[in-house]
Amino acid sequence: MTTFFDAWHFDGQSAVRRKVEIQTIGSQFFLLEQERRHGPFHFDELRFLEAKGDSKVYGLSGKDGWRLGIRGHVPTELAPLLPASKTYGGLIDRLGLGKASFVFAGISAAVVAVVLLSPQWLAPLIPSSVEAKLGNALVGDFGGRFCDTPKGKAALAKLTRSLDDHPEDLQVEVANIDMLNAVALPGGKVLLFQGLLSQAKSPDEVAGVLAHEIGHVRERHVMQGLLRQMGLAVVLGGFDGSGGSTLNSLLSTTYTRDSEREADDHSLKALKQANISPVGAADFFNRLASMDGSRDLKDRQARTMASYTSSHPLSDERRKLFENAVVKGSAYKPALTADEWQELKTMCAQDKDVKSGWGFDIE
Amino acid sequence: MTGHEGKAPSAVTFHGSWTDFAKIALPNVLLTLVTLGIYRFWATTRERQYLWSQTRFIDEPLEWTGRGIELFIGFVMVFFLLGLPLVVMQLVINGLVFQGKPIIAGVIIFAMFLAIFYLTGLAYFRALRYRLSRTYWRGIRGGSDDQGFGYGWSYIWKNVVAAIPLYLLYPWASMSLWNERWSKMSFGPYQFESNADWKALMKRYLLFYLVPFLIFVGAVALGISAASAGGGGDPFNTAGGVAAIVAIFIGILGLYIIMPIAALLYYSKFMRVAIGSLRLGDLEFDFTARSPDWILFWLANLAILMLAYGFAFAPFSLLIATDPTQFVQQLEAGESILSVGLVIGILIAIIPLAFATSIIRYRSWKFFVVHTEAFGEVNLDRMTQSTTDSSSHGEGLLDAFDVGAI
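Which chain is which? The protein sequence lines are H and U, in order. Quick note on the working numbering: the first sequence kicks off at 7 and runs consecutively. Quick note on the working numbering: the second sequence kicks off at 454 and runs consecutively.
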């Protein structure tokens, strides 16, 4: 039994500060005031709250606002009965700040690695029906902007067939929007924008781009990209401000660029198999290169930075890739006949029902 | 028992030092970084524990009893119950627009806008309630019996009414919301009372409101005089050219200096009127910061942030400036190594920025405490424990919306 003077107490009932003695009886204790006795309380219900200057403050489980403050040196008989002090709490106090930081950094690096790498094997596990539903939810019929004439569709189907062994899982459409672009969407959907067809000088150019987008579908890049973006958003969501999103875009851009290279490789293989000349695609990238200015960049540093920050490899680089794939002396055949090409190119103009532009009244 | 001694300079005092605070803030930054930001809820808690414990009301310090896990659970719940549905709705809206159903998409967007508006109001209320319920003084805490659901609606309609006459009623809306919010809060057995008068704010508000017009008119007048005085020749040598440059200068000055200062003039008045009308039992409060105090406070914060940005981006510029060709070669040789370098660079850049925002939080709290005064008497025997519901706090979804509570 110990009596002990230099302690103060708030009972959590009123704001009156009480000077008390602690009277311990086994695992219990009383707080003795001049003419009052508080308790009994159990030592194992005490919680360490904070260390302030030379005093330690404790609370009591289940008693709102109950406080016991002990000033100065705690007697050796009392010390083992009191809960241990905490600085950070839990794990960090046990390991120490340095060691805990290393452990956390290791775990964080592992989590980021999993989020970056796992989509490669997770994406193929997603059933194609789910992907197809997602694709439909995203674009549907594009608000009636898909062009459709029997002959134009037949030409498009022929082109797709020549570039892919399983054209039945693909849904290739021409969207009546004047934009020099093409996209691959979940569920094997590939959209060629009318702007691309109007600008193309030959069906071989379109074949190169289409094979590239089919490459994204076959390599499951679309779902991979979606999963990776979502994963990074979750993992880096703890950061507030722009730090997290900057990291997110930097990490995912690296992967986007790799995907583009893979899709280019796929495109080259498909063109080779179909015996279509890669010159068309090279011409196309040549024109893109003069648009994005990458051909005129003399300064190597600026050029590399431009390549680094863009998600696509530089068009000029891609032009070289496709030019180098040309086998001299091979008997390439055109991707489509002149008639078929004409039908495909003018499909949107011939289709009377199709809507155009971005809708509303932007047209 | 009398709490307030007549001679005491202030009933609310701050005893912290920024060097002591830095000993908390720096490990916080480190731990936040290595946990990819997850530690920040515990970091906030440790910061507040320090700031509260260094704040004395009369003779006893405040105590912060909130826990990191409460904020973390709240964040996770908001993420799953609000963040993810919002992302999904975004996709649905995209789909609807592409499928040619813009009207349905518009209705959904409007509904989402209303919901977010409502939740913002609710969040302000909940954050204040959470903070009061975790603030103890002499073992007594604050809180509110109100859940704040009604306040969410007030927040919508008062802001809409304020907007109708071209936002001229904004002072009314913000003051009436302040009164409504604080009147539902309590500390111990006492209910806060607040009936601040918004009309006192109107002069400052009109000044702030008219500043853009005045700047515009000034710039146009100078521009016209420039055109008439100049009339050809070297624009930099004629009086007209000079006037034009002055006009541009005034425009920029207006945008970046005069506008924020006009806003601070208004805010300074708002805080003085709002806190000056607050009562708790026999206690009355006052807020003594005048406009120059606010302007100095704001400028110093700005300087701290600038300094932090300097530190954050110095490594990048050094990396490129010292040896650009080697940088490019490395970049071409092994992109993955450079990616890792850039990622680490950004992570390191977070350190000074996070530390600076901590210091700004410290300065904000200190500014607030130093300029708060309290008058009247506290009867300690009658200051009994709050009966407000505290068990639901912390677990509650929106306690975690912890946006600026005051």
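The set of hints was computed from the structure by calculation and includes no laboratory data. Mixed in with the good hints there might be a few duds.
[Said to hold, decoys possible] Simulated coverage check for chain U against chain H, where a stretch passes if three residues somewhere in it have a Cβ under 8 Å from a Cβ of chain H: (1) 475-484; (2) 539-547; (3) 825-835.
These numbers were taken from a predicted model, which means no experiment stands behind them. Note that the Cβ used here is the ideal one computed from N, Cα and C, for glycine as well.
Results for each hint:
1. 475-484: The restraint on the region 475-484 of chain U holds, since 3 of its residues have a Cβ under 8 Å from chain H and three suffice.
2. 539-547: holds (count 3)
3. 825-835: holds (count 4)
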